[in-house]
Amino acid sequence: MTLLVLEDLHKHFGETRAVDGVSLAIRHQELVSLVGPNGAGKTTLVNLVSGLLLPDRGRILFREADVTRLPVPHRVRAGIARSFQIVHLFEYLTALDNVRVALFARDGKIRTATALAERDEAVREEAMAILDQFGLAPKWDLPAASLAQGERKLLDVAVAYALRPHLILLDEPTSGVGTREKGRIMDTVAGVCREGGLAAVIVEHDMDVVFTYSDRIVVMHEGRILADGPPQQIREDERVATTLLGR
Amino acid sequence: MTRSTAPTEALPHEGVVRRLQLSWPLLVVATILVALPAIPQVPPFQRILLTHGLIMGIAALGFNLLLGYTGLLSFGHSAFFGTAAYTAAFLVKYLHLGSMEAFLVAGIAASGLVAIVFGTVCVRYTRIFFAILALALSQVLWGLAIKLFWITGGTDGIRVPTPTLLFGLMGVPEDKLTFLATTYYYYVLAVFALAVAAVGVVVHSPFGKAVQAIRDDEVRAEFVGVPVRTYRWVAFVLSGVFTGLAGALWAPLNGHVTPDVLYWPFSGRIVFMAVLGGFRSFVGPLVGAVVFTYLEAYAVGYAVYWQAVLGVVLIGLVLAMPTGLVGAGAWLAARFRRG
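Keeping their order, the protein sequence lines are chains R and P. Using the numbering used here, the letters of the first sequence map in sequence onto residues 138 to 384. Using the numbering used here, the letters of the second sequence map in sequence onto residues 139 to 477.
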C-alpha cells in the first residue's frame, strides 16, 4: 500500500525550476534515499512534503488524504515529521526536554500549564527510552547546545521520531560530521526506522551511505526525477553514472 | 561522570538532591522575610521599601515569562502595571470601594483584558518589531491617562487610600505607617509567595516547556506541532496579568496613581530589573527587582544624576555579566567550590 503520493509537483523560484514536475510514490516502511547534485531540488521537495513550502502546482496525497495545502501542525498530526540539514534544536533545553516537548505536543498535553512536566512519569519514561534508542541516554540532562555535532544530528532525528510519524523526512542526517561517524549515525537512524516500522525519505550526498542503507534510490536532476529503483539498478544506470558519479 | 548512570536508577536520586539544594536558600530567605517585622533593628521604612521590592519582583517575574521563557522583549509592560493601578484608583474614586481583594480581582481582569487586545496585535511580530509595537501601544494608554484628565485626574493622578484587607479580617487599618510596614507587608508577602509558586509551576509545566521551545527555535517548535503564535499570545496574556497583579498591589502602597506608571520609562525599569538579576534564571528578576529598588532609593540620595549611574551599571552588565547578578553569583559559587 502506498503511503505518500506526489502528483506532478512544481515549485519555481523566479526563473529557477527547483521542482519541475515530480511524481513519486512511497510505500509503507520503505527507506528511500533522495540523491542528486547540488541544486537538484531535493531539499525543496522535502520542504514541499513537510509543509515548509507550498507547491505552485500538483498534489500531495498522504494516507489517501490531500495534504497539499495543509498547515505544518496539521501535517505533523497526520504523521509527517522531519529533521533539518542544519540542526534545529531547542538549544537551552536538555536533551530530555527536547524529546519531551515533542511527546507533550503529540499527546495534546502541551496545553497543561498547572502541572509539572517532571511529574508525568509515562512521558519521562518514553522520552528516556527514545534517547536510549539513539544512544543519547547518558547525555539526557545536558542542554542541546552543549552536545557534540554527531549527537546533535541524532537528537534532531530523535525529536522527529518521538512524534511517532508514519513518514520521516531526513534532510542530510550525516552532513557536517566525520566520515567515521556517518556510519554510526546511519546505523542508528536506519535501525530505529526499521524497528519502528516507519517510512523514511533520506536526502544524502554520500553514495556509500546511500547504497548501504536504502531500499530504493530516487535520483533527481534539475528538478526532475532522473532514475528510481533499488540500489543495484541505480548503480548500473548509465545516466546516473554520468550526472551523479561523474564517471 | 556520575550523571551518566542508567537513567531509571539515576532519576529518583537526582530529584531528591536537586530539591534539597533548592530548598535550603529558599528556607533561609523565607524565614528572614517572615521574621522581619519582629526584628526591632529593622525600621518600618526598610520594610516598606522591601514591600516595594517584592511588588516589583512580581512585575519583573511576570515580564520574564515573556522575555526569559518565550523570547519576546516587551517595552510596554507599564501598560499592564498601570492599568491595574488605575483600576484600583477608579474603584476608590468612582465606586467608593476600599477592599484590597476588589483591587486585585478588578486589576487582574482589567490588565488581562488589555493584554488580550495588545497581545493579539503584538504576537504577529517578533524581535524589535514586537518590542516597539508593545511600546507604542502602551504609550496610547499613557496619552489617554493624561488627556482624559476629567476621568483620570491628568498628571495630578488619583489618590488611593489605605484599603481593608480580607474584608476587614486583618484588623482595621491603624496609622498608615504601621499598616504599610506590618499588616500590608505580610499581605504582599503572601501574594508574592503565591505568585512566585504559580509562575514556577507554569514555567515547569508542559506548556512552559513548549514556550521555551518556541523561544529556542520557532521553526522546530512548529514542526513538532506547537501552535507557535497561539502560545506566544497565551504567554503574553499571562505575563500581562502577573504584571497587572503587581500594579494593583502597588497602588495602595504608593497611595497615589499618576500617569508615570503608564509611561515607557517605567517599562524600561521592569526590563532593567530582569536584566540586572538575570533573565535566564527563574529567580533573577526577583533579585533584580529588590536590588534595583534599593539602588534607586539610595542612589537618589547620593547622586543627582543617579539615572546616569544606572546607565553605567546597565552597560557594565551587558558587557561583563550578561547572565545578571544571579548568573554571576552562580559562577562565583562554582569557582569557590572548586577551590
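Just so you know, the hints here were simulated from the structure itself, not pulled from any lab data. We put the CB at the ideal spot given by N, CA and C, even for glycine. Accuracy of the hints is not assured; some may be wrong.
[As the list claims (entries may be wrong)] Between beta-carbon pairs, the in silico distance windows are:
| no. | chain 1 | residue 1 | chain 2 | residue 2 | range |
| --- | --- | --- | --- | --- | --- |
| 1 | P | T368 | R | R372 | 45 to 53 Å |
| 2 | R | H211 | P | K314 | 55 to 63 Å |
| 3 | R | S283 | P | A466 | 18 to 26 Å |
| 4 | R | E152 | P | A274 | 53 to 61 Å |
Legend entry - In rising order, the numbers of the hints this structure does not comply with: Failing hint: just 4.
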